[in-house]
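There are 2 protein chains.
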Amino acid sequence: MEQNKKKKCTVRFEPSGLKIEVPVGTVLLEAAHKAGIYLSSICGGDGYCGKCKVIINEGQFKSKPTTLLTPDETQENVVLACQTRVFSDMSITVPKYHALETSQILMDTDARRFSELAGEVRAGIFKFDPLVQKIFVEMSPPTVHDHTADHERLYLAIRQQIDAPIMQTGFRILQKLSRLLQSCGYKATVTIGRRGQTTEVIEVDEGNHCKKNFAVAVDLGTTTVVAHLIDLTKAATVDTEATYNSQINFGEDYIRRIIYAEENDAFDQMQNRIVNDVNNLIVTLASRQRIDLQEITTVICAGNTAMVHFLLNLDPTRIRREPYIASAGFVPPIRAAEAGIQINKRGLLYCLPSVAAYVGSDIVAGVLTTRIYTKKGIYLFADIGTNGEVVLGNRDWLVCASSSAGPAFEGSGVKHGMRAGAGAIEKLTILDNGSIEFKTIGNTPPVGICGSGLLDTLAELFINGIIDRTGRFKANGQPGLTEGDEGRQFQIASAGDGHHEIVITQADIDNLVRSKAGVFAAIRVLMESTQTKPENLDAVYLAGGFGNFLNVRQAVTIGMLPDVPLEKIQFVGNTSIAGAKTVLLSRKALKAAEKIAESMTYFDLMSHPRYMDEFTRAKFLPHTDLSLFPSILKKEKNNT
Amino acid sequence: MEQNKKKKCTVRFEPSGLKIEVPVGTVLLEAAHKAGIYLSSICGGDGYCGKCKVIINEGQFKSKPTTLLTPDETQENVVLACQTRVFSDMSITVPKYHALETSQILMDTDARRFSELAGEVRAGIFKFDPLVQKIFVEMSPPTVHDHTADHERLYLAIRQQIDAPIMQTGFRILQKLSRLLQSCGYKATVTIGRRGQTTEVIEVDEGNHCKKNFAVAVDLGTTTVVAHLIDLTKAATVDTEATYNSQINFGEDYIRRIIYAEENDAFDQMQNRIVNDVNNLIVTLASRQRIDLQEITTVICAGNTAMVHFLLNLDPTRIRREPYIASAGFVPPIRAAEAGIQINKRGLLYCLPSVAAYVGSDIVAGVLTTRIYTKKGIYLFADIGTNGEVVLGNRDWLVCASSSAGPAFEGSGVKHGMRAGAGAIEKLTILDNGSIEFKTIGNTPPVGICGSGLLDTLAELFINGIIDRTGRFKANGQPGLTEGDEGRQFQIASAGDGHHEIVITQADIDNLVRSKAGVFAAIRVLMESTQTKPENLDAVYLAGGFGNFLNVRQAVTIGMLPDVPLEKIQFVGNTSIAGAKTVLLSRKALKAAEKIAESMTYFDLMSHPRYMDEFTRAKFLPHTDLSLFPSILKKEKNNT
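Chains as they are written, first to last, in the numbering used here: chain Z, 347 to 986; chain U, 347 to 986.
Source of the hints: derived by calculation from the structure; they are not laboratory data.
No distinction is drawn between identical chains; accordingly, a pair holds when it is met within one copy or between any pair of copies.
DSS-like, lysine-lysine: derived pairs with alpha carbons at most 30 Å apart:
1) 380 <-> 522
2) 522 <-> 691
3) 558 <-> 533
4) 937 <-> 522
5) 522 <-> 941
6) 773 <-> 399
7) 399 <-> 785
Just chain Z, with the same shape it has in the complex (with noise of 0.2 Å):
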């Protein structure tokens, strides 16, 4: 027996009301996972992300010393939760912006419009010939004078449907074969998958089940988690869902939550997270259109180089250590079974392939989906995540890069920062008066910001002049600017308006400086490398998360995009899911989509002579060289 077993301690979470008891000692942020309970957390728990305030109602804690909170926040009991360990039963109020729940994300409507398109448009491209198949077969049944082993059989039954020079078949179904064969007259159902070359019979079933075959392609975000449900008879969504990434408590970027695992030898937990995360999706999809999971026979995920190998617990630690690689660029097919991914037992788990550690097959597929690859002239790329991903290239050639900015423009980062939800700021505009137009999602009361109106909010800032060129605040005295705890802030809603106070602080605008910096220096690095100009573009490409009305100009008028004509500038959603898709209905497309991979020519900026001095360039706004943004030129009104 152990003598000092724990004291446990009941914490109760408000308003939820959740409970959970934990031995006494354990930090509070913990407790609050182990209860299910989101809590924000950039830093992983390290506590100077400041992110996880809670209020104490009741009960004993050691909290340690902290300058992230106000003196008034002390006084009210506002703790940080990764800083406070309980000592006795507690009731804790979780703050209103922390309360972002599944059933909250809604669904951004253009990206799920372009990944329709993308998923249609490319099965016409592409040849239809999705990567697991169900096909019918009616063998003759063997005779004395036509004795073939059913395993020949069925083989020769396949190939008089399908193109399948190299197969194999599982043991299982080999064991189980001649019985089945028998019981149903030798008509069968085959489940066929592809493996590279090799054509697998993933499954035999009695009769016709043909049409019943679907998958799920998942965009693997480090924030959010998308899901579509494919019926893979009709090459046709039928339904999607989103989730949020439930590692985010480990850290709201995937560098901090790989350090976090290290540290904790929690890699089997980051796993379980994602893998939670996905089976959540693929069963409320399966539920709400009334499918057998048995009858999913096919996952297909694209997503950063650090989630997929989070997702197949493949190591990832050298992501964010020297030499910076992967375990795995290109991932075999597996059982879906063996990455703990509840479908079909013997349905397929495909990732599309990655090019570096930092740039993944999301980007793979977003090349795919937007064709570049296949294109004359010259194409931009770029993906605004917790990262921004950028490709520049053509049929020809395709260079890459990656930079870690900071997921500001997801809403991290940010004091009223937030994915794109109901509440989220997503279109702000100051008018001439000085007064702010915004429109929420869902349109209620503003609960914060995201992606597409800190886009706007930093444009306006600019172009109104309230923010300088390097992006500070100019003086007191202008509309909207006050004094908060943490300096000079833009009040954007006030709590008198009877809404929740929203304001964009220096630190702020810093991130999102920082973030659209690291993007246009990567932009640049790639432009300079390849002798590109502006004028050579003939198109750029924006994917990310944004939501649903992103203002194209505001990217440029931030300098964040190169100045082109905006007709060049196409906003193309979430191209991660719709390349997943394009892959799942279409051998051919899994073969474009390995190419990329293989020819994309990787710029690591990190240890490129360039990036820091364009980098350190692209922190004005629009930039240094206002040469390089001729159209804001015109339209400053404040410059002198």
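Given the coordinates of chain Z, assemble chain U onto it according to the supplied hints.
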């Protein structure tokens, strides 16, 4: 609680002293099985072969009436174990002729010599390129300037050494790969297996262990299972071992075993038996040679179609029943562990391909070993086991057939027949004075007669006029002829000589004649169908487990083989294991075996219009048509 819970009884078997506790009413044969006692049984416990005789020393039992015991036997408490139920604690004596334990099996030295030879010769004929190999790869570790992922880095390194256009890696290997490569400084031993056109990374280990790579080749005989331990780095046979097939308690031929398994739903049990036999052989070989089981990466099997089905638990039921087909003729390589075979947990199990339900991979191995399929001219191959399979052909065509005339030449279905073990009469001559000279294996007192001895006995009885051309004993008064319980019989060793009494009965002779007639009829059908005359035959290869010193002349004398010059007949021993070893050592040999299996034309004798006629004619000694046996005509002493 069960009311009439059965009482238990202890059954003790002498002379081994083994004891087993069984419920009241248990059949004695079953009790013996459970105790691990070998009892002969041809009929699988149906009570009509009369083989499973035991003596009851003590205890209560109930036996069904039978005509298979003499009054003397009944007097002496001899019973059929399969017809007797236990009703109290009992003591049983198992007669010596049952007691053929593993340790008593004599390796067939001729077969061993042939198989050694074959393995080595073939390794020269075919390029040495084993199905599973270990290679040592040294990679330059990744750097920021060489950021190829570990998985792709490994593939590049492998492809520098071997030809592997299509590769795959198991998920478990992928998961551990990065940590392993880092810990060993990118110097690793890769175990590579070939599965069709695909090259699989079976295992990756730190450092260089290339020199430790072993395989076991197995001949899955209905009666005997033979295993050879092979050093894959040297293409050398390290050790050999054999055991009785412990399925034998369920019937001495595989048809009986299939029936038993169907009637008792004992397919799993049947698999367990043969898998245990193979595992025991592997453990024996490995421990004797001080080899870690993990260093055994491959098992390769050849055997009749039914045995391969039992091993893998594939449905064998239609092998014995219309339309007489296999579940699978071509079995893909599987992980040995999937079938329960205990070698390296990721090691592979290969089965050679078979032709038809009654022409198994052992025959394909025989054709491969004798190289008929590469030769000009015409060649005959006959493998005499429980069935007699026959192949005729050359490099342009191959025809084959199987006669199910019974296992008499394996010593089954013959009163004092036995396998080639210690005490078996393997050579026999009837001298002019009527006295008998014989030689036993191990030069011990005779226990029974093995295949070569039975061949000699039948031929000598015929040549010396003791039996006529129909196989009937001619008349009383001939030396050695006595009247036994089962009618007229020929005394080989009388109990009065201080020997165990050994006789040949009329029934024995009938069984032997039926066996040889089946083989010869099969040969005739193939020869007639291809218009092959005896003088067209360039060689006749005789394979099987007859014993060490087969007198091939006697096989012609009795009319089992066509009357060709004796120098054209060659006893080739166990070609099943020789072929398996050849395939193990060369991918090209596997391809050749596949081509042989595909290209051989199978003649179903049961539905062949000529077979019964040929069989009837061949039931004479040597044949009804003496012109087919000119050499016998000359020698025959006693024919009118």
